[in-house]
Amino acid sequence: MRFRIREWLRRLYCTITRQYNDSDEELRFHLAMAEEEAGRRGESQRDARIRVGGIAQSAEAVYDQRSIAWLADLLRDSRHGLRLLRKNPQFSIAAILCLALGIGGVAAIFSVFDAVLVRPLPYADPDRLVMIWDHMSNTDVMTKHNPAPPEWIEWRRLNTVFTDIADTQTSGPTLSGDGEPEQVSARKTTWNFWSVLGVRPLLGRVFTQEEDEGNARVVVLSYGLWHRRYGGSPGILGRKILLNDEPYEVIGVMPPAFYFLPSRDVALWTPVSFPPWMRRNFTWHDGHIVARLKLGVTLEQARTAMTALSLQVTAKDFRGPHGVEVYPLREELAGKMGTALVVLLCAASALLLIACLNLANLLLSRGAARGPEVAVRLALGAGRRRLIAQFLAESLVLAGLGAIAGLTLALPAMRLLEALIPDAMGEVRLSLDWRVLAVAAGAALGSAIVFGLAPALRGSRVSPRNGLREAGRGSAGARGHWFQHSLIVLETALAVMLLTCGGLLLQTFEHLRNTDLGLHSERLLTFETPLFRHTDFDRRVAFLNEEVERVRAIPGVISAGSINVVPFTNQASATFYKLEGQSAVVPGQVALIRNISRDYFPTIGAHLQEGRNFTSADQKSDAPVAIVNQVFADRHFAGRSPLGRKFKFGNLGEKGYWYTIVGVVKPIRESGVLNEARPAVYRVHEQCDQIGDSAAGIIVRTAGAPESIVSAVREAIWSLDRNQPIARVRTLDQIIDGQLSTSSQSTALLGAFALLALLLASIGIYGVLSYAVSQRTREIGVRIALGATAGEIMRSFGKRGLGLTLAGLAAGWGLAAAAARLLSALLYGFQPSYGRIAVAVSVLLLAVAALACFVPAHRASRIDPVMALRNE
Amino acid sequence: MSNEAARSAVLQGTLDLMVLQTLATIGPQHGYAIAARIEQVSSGAIQLNMGTLYPGLLRLEQRGFVRAQWDRTETNRRARFYTITAAGRRQLVAEKSEWTRMAAIMQAMLEGDAS
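Which chain is which? The protein sequence lines are A and B, in order. If you're matching positions, the first sequence starts at 1 in my numbering and goes up one per residue. If you're matching positions, the second sequence starts at 1 in my numbering and goes up one per residue.
This is chain B alone, in the form it adopts within the complex (with noise of 0.2 Å):
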């Protein structure tokens, strides 16, 4: 499997965990300084292109996990900023905690396997 492609398989399941992460973490921000964290705190392992990044922020807005306005930036141009709703900080609380077992379970089975 292509690099590339094991990144976007990845991203599939868990762009929202990690875009809800972001924004629970930074407070609000636009979508350009979200992946720009994404893809600091991968150190550059994720990069996001607007054609994954925008249509999952919908998806969140749309499930009521995010709410956007329209603000200034510090440089004072126009751009869209997200905010984690208080639906999404639970759902991320859930999703974390799945996620944390699922990886747990991930570990033993590998560890297991190897010896």
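With the rest of the complex left out, here is chain A (with noise of 0.2 Å):
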């Protein structure tokens, strides 16, 4: 084997090099000794000749041994379209370019593809890993709902179709000690989190069962955090750290690649231990929780039964029974992001096609022109399938360096589309790793067999005689005409059915960038100031008014205030409330809570559309006040005031507090800039001695930039307390920005898509009619001769790219409505008005159309009979 290696290798170098060793010097000394062997026997040389062969054929049999023939002839047709390319300079770059855009399009869009939607994740056979949801239809504050604790409990004990099921919940710590106190995103999770993952940490261990249920404080640290805070020190094992002021044993060190839900940037993992009345408590709706599908059993089957399992498990949920919603977890982690990827793939494709369309194109112009010399070629013996096999290796030439320009260009767009990674997903460095570089071949192979067929079959159809008849006139049929019209209608349908996903893109994004979200975003500063330390009531609202006290004076702040949760960040902080008047909690009667300063409202610039603000004259009472939105005061008052009515809320029984209506505030999105605005309440931080919160948002107008005052911001805070975290500085519109960034970015890269199109068929409009022209001088300069004015031979040439640009648009726009359709989820519920984009895309294409046919139908009106009919 290894000599038959060997032996290749050699066939090949030899191919490769040329080095074709001539073989007939030894042949003739092999057969002259043959002549002088037989003249002694007294034979003729005739019979020595028939007895060791000829030098021709024995030559030829030494060749094949010497080299591989099929590579050799495909090397010498690719020099030989390397030759003609070189000769043809203008037509090569255009070419190569286009098949750039079209490869590299598809190169680097294909490895973001790979990365979010086909590379496997990393945990053990993740394919059978899923989330499971609540599906709380009945509820104004969302549909998918994170489930509870005895949730996870019960499914865990009673289901049939998993393997087992973990439970996670968020955190967000203060890890002090060893250098600056900082907040870091966390994750509380069951102990057997980690074997449903089926994960191993890097150093050390997990934690057990008996560690998560006897409340052991142990963490397991992310690689990030390792290296960043603890300089990678394999010696941190057994180390304690501390979390809001607690002691935690450094137990485990996860490997870099891992990550899990909802983000990359989670720091650490401690054991969830739920407290006793967690356990028993139906409303406490913060779970994500993951489980792994029991072999053989389809998502499908787990919906099913799942969904029948809950309905029994809440059949005595006050709230009424639910159901619930399973997704496999890659779905979870690509999100919007994973749909985007399909588009923008298919759209890169198209582009491709386009691509390959025009050149297809240009090559069947061009291969009428090479008539006479493939006529001389078939009249020198070359078969059919031998000139198909030479058209095609030059084709092979055009898509391999178009390969390697768009490779080149891939390589830096790649960086840009990293951009791309759903932040719930790790950190992928892009690269032209084999499998990219298997996809931008593969489309070479693709686009060369598109584009370089129909000229080989029909370049190699050429009877000599007639071929070398019509030496340089170089004409195509009837059919060649129909058949170049076709390709440009449908590369111009392509390029509409991109421009209108593009405009459905945008317009899209325009709707969701300019929504009302209640508030004006622009200069605001947001940062979290947990005070997990002050666990007194009273201590903790003053520390919080000083703290905003404190930020306010600082120059260049125009307002300040604090909010419990920043604004667009959090789903949840949610709760049931009864009005005055209803006898019990009403199922799915559900509010956003949100605990506030009494400036916070002034701050962001929200808009009270009834009754008062907060005011100093609010403060810690048994009969405390409250501002609802709009959609709250919509639900119950329709029509009539809410001020003055009265609600409490639902798990405090008889010591809740009934909160009295004081205003109502125009809707603030307060779930996210992508969700529509939901019931909410807003209370003052004196009144929430009844469901406070710990965390603290604190929201700074400025005058200037909001990053300008960033130091001083901390300092102020420092000045308050030494040693308070200041967590998650940032603006708001930096946050809006966030999460609008999937919207943004797949638009840009639509529409970069759209435009490239657009420009690739006006090219190849153009270059058909002005192809026609060149080919119909003659025939137009007698027309010209026999009277027919400029304006009517640029009519007659107009007309026909008018012709196939309106077909190309009635065929767009079949394609459009059925691409829309791929595109919904990126509309994110809106609804595009179809009419105003079709209408700006076919302004658009008619406009740049026109362009490309004036320039030909031009040239052609300003023909000079004299010298095209002396031309022949």
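In short, the hints are calculated from the structure, not lab data. Backbone N, C-alpha and C define an ideal beta-carbon position, used for all residues, glycine too. There could be a bad hint or two in this list.
Covered by chain B, per the in silico footprint, the following chain A stretches (three or more residues, Cβ under 8 Å) [unchecked claim]:
#: 1; segment: 5-19
#: 2; segment: 63-73
#: 3; segment: 669-677
Residues from chain A shown here face chain B by an in silico Cβ test under 8 Å; the list is partial [stated by the list, open to error]:
#: 4; residue: Met33
#: 5; residue: Ala34
#: 6; residue: Tyr766
Label pairs and their computed distance ranges (CB to CB) [stated by the list, open to error]:
#: 7; chain 1: B; residue 1: Leu17; chain 2: A; residue 2: Leu75; range: 47 to 57 Å
#: 8; chain 1: A; residue 1: Thr17; chain 2: B; residue 2: Thr100; range: 39 to 49 Å
#: 9; chain 1: A; residue 1: Leu117; chain 2: B; residue 2: Lys96; range: 53 to 63 Å
Hints in hand, dock the two standalone chains.
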């Protein structure tokens, strides 16, 4: 085997370097010896020749053994192709550039697609992992809801479709000691979290059931935190670190590739250690539940079984029974970006197809001009098959060069495209790995066939006689026109499809961007100061107010306020409530609760529609007040004023306060920029001694750039308490941009593809028309000589271009209607106006096409009949 | 099966072995001498034409079993001389024993069949 490989390598080497060492001399020597021998025996020389064989045939056999024949042919044709390309550099550069855009686009988008949707997730057998959510269609806050601990307990006990189910909760403890205190993103997980995912720590171990249930203070660190804060020292195992001032023993470190929802920033994992009250509380909806399907159980079976189980488990729930939603983990991680990437990959492929169709057209036109060359080859005995192979080899050279240029373009693009990886997934460095290279090679090969096959079949179908007779005139029959025209119509249609989709996304993005969020987001700085050290309610409120006072005193600050949850950042913090006059808690009657300072609404620019804002008169009291949003007011008091009405929170029973509504605020999209505003109630901090919150977001309106006061803010907070952690400093606009990023990125990319498609399609129309003009120079000359006016000539060509464009437009609308369905998830429930987009796309396309038609048509009208006829 | 076809079928599998054995026996030789020697040893049963011999020699060279260089014959003509290499000798030993084994098996088979 080894020797055989050696043989083939040498043959390959000879083929590539074209070292066909001549065997003639050796063969002639052999023949001479044989002839002498024959002479000695008295035989004729002819006998000798018959015995040893002819020199030419033998040399051929040696040549076949020395090289690899088919490869040698391919290389020779490729070299021929390269020579042709060099002879016609303008055409070559244009063609390679078109292909580079197409192939580069496909390769670059595929690299992201691969990273997000194809590459295995860093868990054992990841395709069997799913997430389970409560399906709460009857509540107003949201339908896909985080499950509560008792649901996890019951599902785990009773389900038949999962090997195991793990529950996790979000936490954000403050890490202190060994350096500056910082608030980190963390997860509390049940002990079986690790076995459900099938992951192992890089160092040490993960926690056990005994530790979870026994409330053990142990922690597993992420690789990132271990390196960033503890220098990657293996001595970390067994050390105690401070989380919210409590010592936790480090027992393990996860490998760098590990991540889990909700974001790659999660720095550590601690046992969830549900306290007994939480194990029974059906209203504590904060779980992210991950489960592993049993072997052979499908997603559909799991959905059916779990819905039935959940209805049974929640049968006696005071909110009424509800089902569940089960989604593959991959879908949860990829989010909307999954759909966006499918759309973008389709768009990139469409662009490549357009480039190929364009090229096919150019080659067909050129092929006609190459008739004489082909005729000569045929006359000299080249077979049709050999000619087709030669044409295809030329296309392969073009596609290969296009692929190389495309990958050169794709590599820098990948740096930008890394931003498309969803936050929930681990960071990925996109690179030209073998998969991307394979896709690029496949795309190049596919394009070579798409754009090369028709010209090869057509070009090789020349009869030597006609080909030579028509030398230099090169004409394609009516069939040729028909075929080339349909290529143009198809590529125009694809461009229209991309433009329409781009328009849909652009309109959606504009809509999202201009949605009234309920506040003025510009020049607002937000940050959080966790107050876990202040367990006493009064002191906590006093401290918080003091923080806001100090921040307000900073020069350049217009005003400052505080809210427990920074706007747009949290979907939860909602609870059941009961209105005065309602005898029991109504299922599904849920409102977001937010605790604010009295200057919060003025700071963010919220609009009070009715009643009053909180004042300094609203102090701790058992008759507190509340401001509700318009959605809340509309739900219960449509057409009437809610002022003076009372409500209380659902699960506090008799000891719960009655809150009196004193104001109505215009809805703010608290739970996210993309989420419709839901019923919400706002309370002032001083009156939040029931259902309080030690989370403290502070929001500052600045006169100048918000970033400029960050260090002053830190100083101000630390002047109050040197050890107060400050977390998640960012502007509100950054938060908004982050939530719109999928929409803005996919819009920008699809828009870019659409514009390139428009460019290529117009080049295609231009190419076909100007080719037609050059082919029909003589005919036009005759017509002009016979009295046709320039206007008539222009009209006849213009009509043809316009006809192609209109046909493309009509076909494009059909394609776009189909494509829009794929797009619908990216429209976020928005209904774009198709009419406006169709009009805009048509006008744009017609304008560009008119320009592409005008130049060749104008040239045709200026043909000098004398010159045209003399050319014959 | 015609005599010619049978001969070439045998040649396919055994040419390498015959050439290597020849070179190992008579030392470095040019192609014509190799063919002559094989013809002589086989009492004229095997006559190699150039179209079989030279691709075969090239294959052996590509596989590293023989080396070739231009030299002068005793009659002072330029000819390409082939020398068996160390790898070629090892290959010869291996092939030989395989051939002997195969031949023994075939013999046993055929005799057993006859009885």
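Hints versus structure:
1. As drawn, the segment 5-19 of chain A meets chain B at 4 residues by the rule of a beta-carbon pair under 8 Å; at three or more, the given contact holds.
2. Figure legend: the segment 63-73 of chain A, annotated as covered by chain B; annotation consistent (3 residues with Cβ-Cβ distances under 8 Å, at least 3 required).
3. Only when three residues or more bring their CB closer than 8 Å to a CB of chain B does the claim for the segment 669-677 of chain A stand; here the count is 0, and the claim is violated.
4. Interface hint at A/Met33: satisfied, since its Cβ lies 4 Å from the closest Cβ of chain B, which is below the 8 Å cut-off.
5. Residue-level restraint check for A/Ala34 holds (minimum Cβ-Cβ distance to chain B is 7 Å; threshold 8 Å).
6. Hint status for A/Tyr766: violated, given a least beta-carbon distance of 53 Å to chain B, over 8 Å.
7. In this structure, B/Leu17 and A/Leu75 break the distance hint of 47 to 57 Å, their C-beta atoms being roughly 34 Å apart.
8. One distance hint, 39 to 49 Å for the beta-carbon pair A/Thr17 and B/Thr100, holds here, with the actual separation near 41 Å.
9. Separation of A/Leu117 from B/Lys96 is about 59 Å and conforms to the stated range, judged on CB atoms against 53 to 63 Å.
In terms of the numbered hints stated before, the structure departs from hints 3, 6 and 7, listed from lowest to highest.
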